[in-house]
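**Q** Start from chain A and add chain B according to the hints.
As you go down the protein sequences, you meet chains A and B in turn. If you read the first sequence in the working numbering, its first letter stands for residue 157, the second for the next number, and so on. If you read the second sequence in the working numbering, its first letter stands for residue 157, the second for the next number, and so on.
None of these hints come from the bench; they were simulated from the model. Beta carbons are placed, not taken as given, at the ideal position from N, Cα and C, and that holds for glycine. Just to be clear, a hint being listed does not mean it is correct.
What the hints assert, rightly or not - Computed list of lysine-lysine pairs in DSSO-like fashion (alpha-carbon distance at most 30 Å, straight line):
id	chain 1	residue 1	chain 2	residue 2
1	B	Lys244	B	Lys225
2	B	Lys332	A	Lys378
3	B	Lys378	A	Lys332
4	B	Lys199	B	Lys174
5	B	Lys378	A	Lys174
What the hints assert, rightly or not - Some residues of chain B that are not near chain A, with every Cβ distance over 10 Å (derived):
id	residue
6	Thr173
7	Val195
8	Ala198
9	Glu218
10	Leu230
11	Glu231
12	Asn243
13	Lys244
14	Ser262
15	Gln320
16	Gly374
Listed here are the chains, written in short residue letters.
2 protein chains.
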Amino acid sequence: MKIGVLGTGMVGEAIATKLVQAGHEVRMGSRTKANETAVAWAKRNGAKASAGTFADAAGFGEVVFNCTKGEYSLEAVRAAGESTLANKVLVDVANPLDFSRGMPPSLLISNTDSLGEQIQRALPSTRVVKALNTVNAYIMVSPSNLPGEHNLFLCGNDTAAKRQVHGILTESFGWKSESIVDLGDITGARATEQYLPLWVRLYGTLGNPNFNVRVVIGPPPKLG
Amino acid sequence: MKIGVLGTGMVGEAIATKLVQAGHEVRMGSRTKANETAVAWAKRNGAKASAGTFADAAGFGEVVFNCTKGEYSLEAVRAAGESTLANKVLVDVANPLDFSRGMPPSLLISNTDSLGEQIQRALPSTRVVKALNTVNAYIMVSPSNLPGEHNLFLCGNDTAAKRQVHGILTESFGWKSESIVDLGDITGARATEQYLPLWVRLYGTLGNPNFNVRVVIGPPPKLG
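Next comes chain A alone, as it looks inside the complex (with noise of 0.2 Å):
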């Protein structure tokens, strides 16, 4: 398949360089054609690997990942293109993590709105997957690497295009299809975005982002 990934840092690298060794046609894409990291990153990944901008990328791929930094996607899709990622399945991997008050990072949208909702919102005829945002970019393309069961959240309005990118993630990057668990629509980007302050402090105390979640099901209560 031919996919686009928007985004030259280490999640977009990882991410691309997963696409690629799981036999996809991979083009990175960036602000500026140019890109030395996107460049590289082509020069290094073989026939398959190519880099261009935002819009090149968006134009390359049937399905497209936004690995870029929450705070600069809703520029990122839209210097991508409407028109050009219209129909299209766009996979926002994206938080919207707030570096400017210190450390640890804040959300710069949270509650009764989030980044996957506003990427929708932004493109009303893309349709939009949030998934991989709630784990680190290693766990993301290798689940394996951790030990045991643990999940994968999902959401979007569009249940074909859920339906394709759980096939990537199973197909191309190792998830099991029952480890990944589907929130519904969109407006669950709102659960797995504001996971991610949980996530950051357990990053703090564990010392260390090789972790991730297992939800644990019990039978349901008896009542009355």
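**A** Coordinates of chain B only, in the frame set by chain A:
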């Protein structure tokens, strides 16, 4: 130990009842002295159970649990009395859920503040420990009802207070010591309260409140 429980709802009743069963003397507090739910609870639970106002319960307990609804918690702890609660350990179990916008609830406080911190600021001489607010009442007092390992988060500014609460959680409620994660000072309440939107969303998805999360930790990633 003498323990006060503020609140007569499902959480207050579950905690107060379990504490009596564990051998503690418990006074359940509510807005009025003759609250029917509290009086009936005391009657059902024998000589170690009593009922009174918020101030009665706060004065009675060496340790006091805030189990009121989050939207009323500041009012309740102020009614309990700043001087009455001075130097005592207050376990804040409440979540600042906002049901006024419909279901699922959003948060009344979020991002750069939390109910736990607001209560600590309102009662500067009280040693506030945020705990138990990430699981439903059944799991709070009977963690072994859920199969396998799962975690509980706790935070607060006072180390001795956290140690005392840790003791109640393990000895009276049955939490395993190694399942309790100390997230540091009371600002950790932002993390556990903002986890609630994910909890609420999972409840809707699973159709069952009998769940919790386990933090699955792998080896630190090798860098460079």
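**Q** Could you run down the list of hints and mark each one as holding or not?
**A** Hint by hint, here is what the structure shows:
1. B:Lys244 x B:Lys225: Holds - the C-alpha atoms of Lys225 (chain B) and Lys244 (chain B) are around 21 Å apart, at most 30 Å.
2. B:Lys332 x A:Lys378: Holds - the C-alpha atoms of Lys378 (chain A) and Lys332 (chain B) are around 24 Å apart, at most 30 Å.
3. B:Lys378 x A:Lys332: Answer holds: Lys378 (chain B) to Lys332 (chain A) is near 24 Å, not above 30 Å.
4. B:Lys199 x B:Lys174: 15 Å, holds
5. B:Lys378 x A:Lys174: The given pair, whose Cα atoms are some 17 Å apart, holds under the 30 Å limit.
6. Thr173: About 15 Å separates Thr173 (chain B) from the closest Cβ of chain A, which puts it past 10 Å; holds.
7. Val195: 22 Å, holds
8. Ala198: The claim holds: Ala198 (chain B) sits with its nearest Cβ about 22 Å from chain A, beyond 10 Å.
9. Glu218: At about 28 Å from chain A, Glu218 (chain B) clears the 10 Å cut-off, so the statement holds.
10. Leu230: Its Cβ never comes within 10 Å of chain A, the nearest being 19 Å, so this holds.
11. Glu231: At about 22 Å from chain A, Glu231 (chain B) clears the 10 Å cut-off, so the statement holds.
12. Asn243: Non-interface label on Asn243 (chain B) holds, nearest chain A Cβ at 27 Å vs cutoff 10 Å.
13. Lys244: 26 Å, holds
14. Ser262: It is violated; Ser262 (chain B) is separated from chain A by about 5 Å at its closest Cβ, not greater than 10 Å.
15. Gln320: 20 Å, holds
16. Gly374: About 4 Å separates Gly374 (chain B) from the closest Cβ of chain A, which leaves it inside 10 Å; violated.
Checked against the numbered hints listed earlier, the structure breaks hints 14, 16; every other hint is satisfied.
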